[in-house]
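*Asks:* Put chain B on the given structure of chain A with help from the hints.
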Amino acid sequence: MTATGRVLLVEDDKFLRRASEASLRQRGFDVITAVDGEEGLRLARETPRPHVVLLDLLMPKMSGIEVLRALKADEATAKIPVVILSNSSRAEDKREATMLGAVGYYVKANLSLKALAAHVSALIEEHASGD
Amino acid sequence: MHPAIDLERLREFSDGTEDGLRTLIRIFLEDIAQMIGELRAAVTGGDAAEIRLLAHRSAGSSSACGAPGLSALLGDLEEAALSGRMDGRAGQMAAIDTELDRVTLFLTDYLASLGETE
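Top to bottom, those sequences are chains A and B. Numbering (our numbering) for the first sequence: 1 to 131. Numbering (our numbering) for the second sequence: 1 to 118.
With the rest of the complex left out, here is chain A (with noise of 0.2 Å):
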């Protein structure tokens, strides 16, 4: 399967990091990664802009949640689908990502690179199909 979209990944452990970016590349995905919150922010915010978030929770600098929070809150990146990649498996924390407009919420420990990658591209066709 190949796909083409452009997917910001941020997520500050380096294996997490690059495990997803060699499968998401491997399925044609354009893939750019920041290592906090604060690289993630403004690379979403930077043209051409994400089709796909990905986005860790507990990070340096910014968490995910303040990433999220700011996303939302701005006109220019408030339609771009955010999914959560967390190690808390806890309901509270998947309820409030939900809430803040997150449309997805992997937990790590349960992580498929396959699953993700076909999430990604639905979302993109979504995208697509929406504008």
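I should point out that these hints are in silico values taken from the structure, not numbers from a laboratory. Heads up, some of the hints might be wrong.
As the list claims (entries may be wrong) - Chain A is faced by these chain B residues, among others (derived, beta-carbon under 7 Å):
| id | residue |
| --- | --- |
| 1 | Gly16 |
| 2 | Leu24 |
| 3 | Ser83 |
To be verified - Now the in silico label distances, taken between C-beta atoms and shown as ranges:
| id | chain 1 | residue 1 | chain 2 | residue 2 | range |
| --- | --- | --- | --- | --- | --- |
| 4 | B | Ser113 | A | Gly101 | 37 to 47 Å |
| 5 | B | Ala33 | A | Asp30 | 22 to 32 Å |
| 6 | A | Glu96 | B | Glu30 | 46 to 56 Å |
As the list claims (entries may be wrong) - Per the computed footprint, the stretches of chain A lying under chain B, defined by three or more beta-carbons under 8 Å from a beta-carbon of chain B, are:
| id | segment |
| --- | --- |
| 7 | 35-41 |
| 8 | 111-121 |
Cβ atoms here follow ideal geometry from the backbone N, Cα and C, with glycine treated the same way.
*Replies:* Then chain B, alone, in the frame of chain A:
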């Protein structure tokens, strides 16, 4: 004793191809050693905030890759750093190093069985 790696979980995490699995294992072996090296330095320095962040990060990688024992030990250290219980950190770090050795040996052998020659 639990297995160092839950192979079913490792395969589930991968992109479903053998090449992808090889790539995943190579990246994990490179990065987990580096991350735990950084954690060891933080433990020596006694910086609780840094220990918490590095342990959290390494635990996430380990759980994603199917290393439950390593992830649990890292989670315990993260919890200890969060609660300020830092007196046993040297012993916790030694246990993490021992488990990392098991994980590394297992994955190196498994990679060889997949035909990895590098």
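*Asks:* Now tell me, hint by hint, if it's right for this structure.
*Replies:* Consistency of the hints with the structure:
The closest approach between the C-beta of Gly16 of chain B and any C-beta of chain A is roughly 5 Å, which is under the 7 Å cut-off, so the hint is satisfied. The closest approach between the C-beta of Leu24 of chain B and any C-beta of chain A is roughly 6 Å, which is under the 7 Å cut-off, so the hint is satisfied. Taking 7 Å as the C-beta contact cut-off toward chain A, the hint placing Ser83 of chain B at the interface is violated, the least distance being around 16 Å. Roughly 45 Å separates the CB atoms of Ser113 of chain B and Gly101 of chain A, a value that falls within the hinted 37 to 47 Å.
The beta-carbon spacing between Ala33 of chain B and Asp30 of chain A, approximately 30 Å, falls within the hinted interval of 22 to 32 Å. Remark: the range hint 46 to 56 Å for Glu96 of chain A to Glu30 of chain B is contradicted by a beta-carbon distance near 34 Å. Under a criterion of three residues with beta carbons nearer than 8 Å to beta carbons of chain B, the stated coverage of the segment 35-41 of chain A fails, only 0 such residues being counted. With 5 residues carrying a beta carbon less than 8 Å from a beta carbon of chain B, the segment 111-121 of chain A meets the three-residue requirement, and the given coverage holds.
In terms of the numbered hints stated before, the structure departs from hints 3, 6, 7, listed from lowest to highest.
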